[in-house]
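2 protein chains.
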Amino acid sequence: MGYMRQSKLFSKTRKEAPADEIAKNAELLIRGGFIYKEMAGVYTLLPLGLRVINKIEQIVRDEMNMVGGMEMRTSIIQAKEVWEKTNRWDDEIVDNWFKTKLKNGGEVGLSFTNEEAHSNILKQYVNSYKDLPVYVYDFKNIFRNETRSKSGILRGREFYWKALYSFSKSETEHNEFYEKAKIAYKNVFQKVGIGHLTYMTFASGGTFSKFSHEFQTLTSAGEDTIYVDEATSVAVNQEVYTDEVLKDLGLEKEKLVERKAIEVGNIFSLGTKFSAPFDLKFKDENNKENLVVMGSYGIGLTRLMGTVVEVLSDDKGIIWPESIAPFKIQLLSLGESENVTKEANKVYGALLEASIEVIFDDRNGMSVGEKFADSDLLGMPYRAVVSERSIKEGGIELKKRTEEKGSIVSLDELIKTLK
Amino acid sequence: MGYMRQSKLFSKTRKEAPADEIAKNAELLIRGGFIYKEMAGVYTLLPLGLRVINKIEQIVRDEMNMVGGMEMRTSIIQAKEVWEKTNRWDDEIVDNWFKTKLKNGGEVGLSFTNEEAHSNILKQYVNSYKDLPVYVYDFKNIFRNETRSKSGILRGREFYWKALYSFSKSETEHNEFYEKAKIAYKNVFQKVGIGHLTYMTFASGGTFSKFSHEFQTLTSAGEDTIYVDEATSVAVNQEVYTDEVLKDLGLEKEKLVERKAIEVGNIFSLGTKFSAPFDLKFKDENNKENLVVMGSYGIGLTRLMGTVVEVLSDDKGIIWPESIAPFKIQLLSLGESENVTKEANKVYGALLEASIEVIFDDRNGMSVGEKFADSDLLGMPYRAVVSERSIKEGGIELKKRTEEKGSIVSLDELIKTLK
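So the protein sequences, as listed, match chains B and G. Numbering-wise, my numbering comes out as the position in the first sequence, counting from 1, plus 260. Numbering-wise, my numbering comes out as the position in the second sequence, counting from 1, plus 260.
Quick caveat, the hints were computed from the structure, so don't treat them as lab data. All C-beta atoms in this analysis are idealised placements derived from N, C-alpha and C, irrespective of residue type, glycine included. Check before you lean on any hint, since a few could be wrong.
Here are some, though not all, of the chain G residues that point toward chain B, as calculated from beta-carbon distances under 8 Å [stated by the list, open to error]:
no. : residue
1   : Glu-276
2   : Ala-277
3   : Tyr-296
4   : Leu-310
5   : Lys-383
6   : Tyr-385
7   : Asp-391
8   : Val-396
9   : Arg-417
10  : His-456
11  : Met-626
12  : Val-628
Below are the DSSO-like pairs computed for lysine-lysine, each with C-alpha atoms no more than 27 Å apart in a straight line [as the list claims (entries may be wrong)]:
no. : chain 1 : residue 1 : chain 2 : residue 2
13  : G       : Lys-676   : B       : Lys-275
14  : G       : Lys-602   : G       : Lys-676
15  : G       : Lys-676   : G       : Lys-275
16  : B       : Lys-446   : G       : Lys-442
17  : B       : Lys-275   : G       : Lys-543
Far from chain B by the CB rule (all over 12 Å, computed), these chain G residues [unchecked claim]:
no. : residue
18  : Met-332
19  : Ala-377
20  : Asn-546
21  : Glu-582
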C-alpha cells in the first residue's frame with residue numbers, strides 16, 4: 261500500500277508527548293503518531309512507524325542476503341537448559357533477563373540475545389566441513405529488563421532487531437566474512453541516511469579478538485563516548501581508549517576529537533566461545549573434528565529509527581531520508597472549495613498511477629497553519645500543496661522538507677521530479 | 261530471494277521427528293526442516309518455514325488492506341493496568357497468561373490476545389464520528405500458557421497470528437464490515453489452498469451477538485467437532501448444536517454430518533464489551549457521546565501452515581499449494597557428471613532469469629532415492645529433474661508433486677509451463 265488518506269489514519273499528531281518522555285526521538289515519534297508508548301521502554305509501532313521499520317528492515321535484509329545470509333525466525337520463548345550450557349541463565353551473570361513460568365512447571369526466558377538459540381539449532385544440522393560456512397540471521401523482538409529506560413526507543417525493554425551469526429570452518433574463513441560484514445554494515449547506515457555521521461569504532465573485543473567493531477552515530481543523545489579521527493574516519497570507544505591501543509591503531513591522540521555517539525550496530529568475533537559449550541563441531545576433510553568459529557552481527561532496527569530522528573530533525577519536526585520515509589511525498593489540500601478538492605484529488609490519483617508513495621492530507625476543518633505544522637512534524641521528504649493560490653499560479657507548490665521555499669510546478673513536472 | 265541452492269541450506273531433512281512429537285503437521289515440518297522444536301508448543305521458523313509464513317502473511321495482508329484495514333504492530337509486553345480495566349488481568353479469569361516482572365518493580369504480561377491493546381490505543385485517538393470507522397490489524401507473536409501442547413504448531417504456546425479489530429459508529433456500520441470480513445476470510449482460505457475443506461461455522465456468540473463465526477477446516481487432527489450441511493456449505497459447532505439453533509438457522513438434523521475440524525479463523529461481534537471499560541466513545545453529529553461498536557477477526561498463521569500440512573500431504577510428505585509453497589519448483593540434478601552438472605546449472609540460471617522461484621537440489625554424494633524422497637517430503641508444487649537419462653531423452657523431466665509420472669520437456673517448455 262503505497263498511499264494513504266490522512267483522514268483515514270487513526271493516529272493523529274499531538275502537541276505534546278507524554279510528560280515522562282524526555283528523549284527527543286520518542287517525543288517526535290509520539291507526537292507524529294509513529295509510535296505509541298505502552299510503558300517506559302515499550303512502544304507500539306503505529307502505522308506510520310511500522311512503515312519506517314519495514315523499509316529499514318528491507319534495507320538490512322538486502323545487505324544480509326548479499327553476503328550470503330539466510331533468514332529464519334527463532335522463538336522468543338527460550339529454554340533454560342539451552343542457556344545453562346553457556347552459563348548465561350544465571351541472573352547473577354545476566355542481569356536483564358525477563359523470565360516467566362510454564363503452567364505445567366519450569367522456567368523459561370524471553371530472548372535477550374540470540375547466540376545460544378542459533379548455536380543450539382545449528383548443532384542439529386552442522387556435521388561436516390561441507391555444511392560450512394553458514395550465515396544465519398533473524399529479525400525479532402528482543403527483551404531486556406532495563407532498570408531505567410529513559411532514552412525513548414534508543415534503549416527499549418522490548419525492541420526489534422536483526423542479528424546474524426556466522427559459522428565458519430577457520431579463523432581465516434571467519435575473517436573474510438567479517439570484512440564483508442563491515443561493508444554490509446556501512447552500506448546499511450549509508451542507505452538509511454546516517455552514513456555521514458556514523459563511524460566504525462574500535463571497541464573492546466573479548467577472549468577471541470582484540471577488538472570488536474561498533475558503528476557509532478554522532479549525536480549528543482548518545483550514551484557512548486568515542487574519540488574520532490575525522491581525517492581517516494576512524495574512531496575508538498572510550499572503553500579501549502588507551503595509549504597502547506592508539507599506538508596499535510596508528511592514531512595520534514592530539515588529532516582525536518571526543519564525541520557523544522549512539523551505537524547503531526556492532527560486529528564481534530566470537531571465536532569458539534559459543535561453539536565450545538554447544539559442542540558445535542564439524543569433521544574436516546581428514547575426518548578430524550574441529551570447533552566452529554563464530555561471529556555475531558547485530559543492528560537494532562527500532563534504535564536505528566530513533567537515531568535517524570535524533571540526528572535528522574529540526575525544531576519543526578522529523579526529516580526522513582527518502583529511503584526510509586513512510587511516504588515519499590505528502591500532498592496537502594488547503595481550503596475546502598470544490599475547485600481545490602477536485603484538483604488535489606486529481607494530483608493524488610496521478611501520484612498513485614505513477615506508483616509514487618504518497619500520504620494525502622485531505623482532512624477538512626483544519627487551518628493552513630495546522631496542516632503545515634503537521635507536515636513538518638511528520639517529515640516526508642517532499643511536500644506538495646494544492647490551494648486556490650497554487651491553482652491560480654498554474655499548478656502545485658512543491659518543496660522539499662529541507663527547503664524553506666517551494667516552487668510552482670505542473671502535474672507533469674511533479675511526477676517527473678519524483679519518479 | 262526467489263532462489264536457493266540446497267547445498268547452502270543449513271536445515272536438512274531428517275528421517276525421524278523428535279520422539280515426543282506426535283502431531284503429523286509438526287512431524288512433517290520438522291522432518292522437512294521447516295520448523296525447529298524449541299520445546300513443546302514453541303517452534304522456530306527455519307528458512308523454508310519462514311518463506312511459507314511470509315507468503316501466508318502477504319495473502320492475509322492483502323485481504324485486510326482490501327477491506328480498509330490499517331497495519332500496526334503492538335508491543336508484546338502488556339501493562340497490568342490496561343488489562344485490569346476489562347478484568348482480564350486476573351489469573352482466575354484468564355488461565356493462560358505468561359507474566360513476568362520488571363526489574364524495577366511491577367508485573368507485566370505477554371500478549372495472549374489483542375482487544376485490550378487496540379482499545380487502549382484507539383482511546384487516545386478516537387473522539388469524533390469523523391474518526392470512525394477504523395479497522396486496525398497486526399501480525400505478532402502471541403503467547404498462551406497451555407498446560408499441554410501436543411498438536412504441533414496447531415496449538416502453540418508461542419504462535420504467530422493476525423488480529424484485526426473493527427471500530428464502528430453503530431451496529432449497522434459494524435454489520436456491514438462484518439459481512440465484508442466474512443468474504444475476506446473466505447478469500448484467505450481459498451487462496452492458501454484449503455477453501456474446499458473450510459466451512460464457515462456458527463459458534464457461540466456472547467452478550468452482544470447470538471453467534472460468532474468460525475472457519476473450520478475438516479481434518480481428523482482437529483480438536484473441534486462440527487456438524488456440516490454439505491449441500492449448503494453451512495456448519496454448526498458442537499457448542500451451539502441444539503434443536504433451537506438448528507431451527508433458527510433452517511438446518512435439518514438428518515442432513516448434517518459430524519466431522520472433526522480445526523478452527524483456522526474466527527470473527528466475532530464484540531459490541532461494547534471492550535469499548536465500555538475503556539470508555540472508548542465518540543461524539544456523533546449532534547455532539548452526543550456514544551460507545552464504539554467493536555468486532556474482532558483473528559487468524560493464526562502458524563496454525564494455518566500446520567493445517568495445510570495436515571490436510572494436504574500424503575504418505576511421502578507435504579504437498580504445498582503454489583500460493584504458499586516456499587518455492588514453486590524444485591530442480592534436482594541426479595548424477596555428478598560434468599554433463600549433468602552443467603545442464604542443471606543452465607536450467608537453474610534460466611529459472612532465475614525468468615523469476616521463477618526455485619530451490620535447486622545441487623547436493624553431491626546423495627543417491628537418486630534420497631533426492632526423490634527429500635523432494636517428496638519438502639513438497640514443492642513442481643519437480644524438475646536433470647539426469648543423464650533426461651538429457652538423452654532431450655531435456656528435463658517435469659512432474660507435479662501430485663502426479664505419479666512426469667514427462668520430458670525442453671527448457672523453453674519448462675519456463676513456459678511455470679510462467
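Status of the hints after comparison with the structure:
1. Glu-276: Nearest chain B Cβ about 12 Å off; hint violated.
2. Ala-277: violated, 12 Å
3. Tyr-296: The hint holds - G:Tyr-296 has a Cβ within 8 Å of chain B, the shortest such distance being about 5 Å.
4. Leu-310: With Cβ-Cβ at 5 Å, under 8 Å, it holds.
5. Lys-383: At about 11 Å, which exceeds the 8 Å cut-off, the nearest Cβ of chain B leaves the hint on G:Lys-383 violated.
6. Tyr-385: holds, 5 Å
7. Asp-391: holds, 7 Å
8. Val-396: holds, 7 Å
9. Arg-417: holds, 7 Å
10. His-456: At 30 Å from the nearest chain B Cβ, G:His-456 fails the 8 Å test, so the hint is violated.
11. Met-626: Where the cut-off is 8 Å and the nearest Cβ of chain B is about 11 Å from G:Met-626, the hint is violated.
12. Val-628: This interface hint is violated because 19 Å lies over the 8 Å limit.
13. G:Lys-676 <-> B:Lys-275: The given pair, whose Cα atoms are some 58 Å apart, is violated under the 27 Å limit.
14. G:Lys-602 <-> G:Lys-676: Judged against 27 Å, a Cα distance of about 21 Å means the pair holds.
15. G:Lys-676 <-> G:Lys-275: violated, 35 Å
16. B:Lys-446 <-> G:Lys-442: Roughly 47 Å between the alpha carbons, so the hint for B:Lys-446 and G:Lys-442 is violated.
17. B:Lys-275 <-> G:Lys-543: Answer holds: B:Lys-275 to G:Lys-543 is near 21 Å, not above 27 Å.
18. Met-332: Incorrect as stated: the minimum Cβ-Cβ distance to chain B is 5 Å, not above 12 Å.
19. Ala-377: violated, 7 Å
20. Asn-546: About 17 Å separates G:Asn-546 from the closest Cβ of chain B, which puts it past 12 Å; holds.
21. Glu-582: Correct as stated: the minimum Cβ-Cβ distance to chain B is 21 Å, above 12 Å.
Checked against the numbered hints above, the structure breaks hints 1, 2, 5, 10, 11, 12, 13, 15, 16, 18 and 19 and satisfies the rest.
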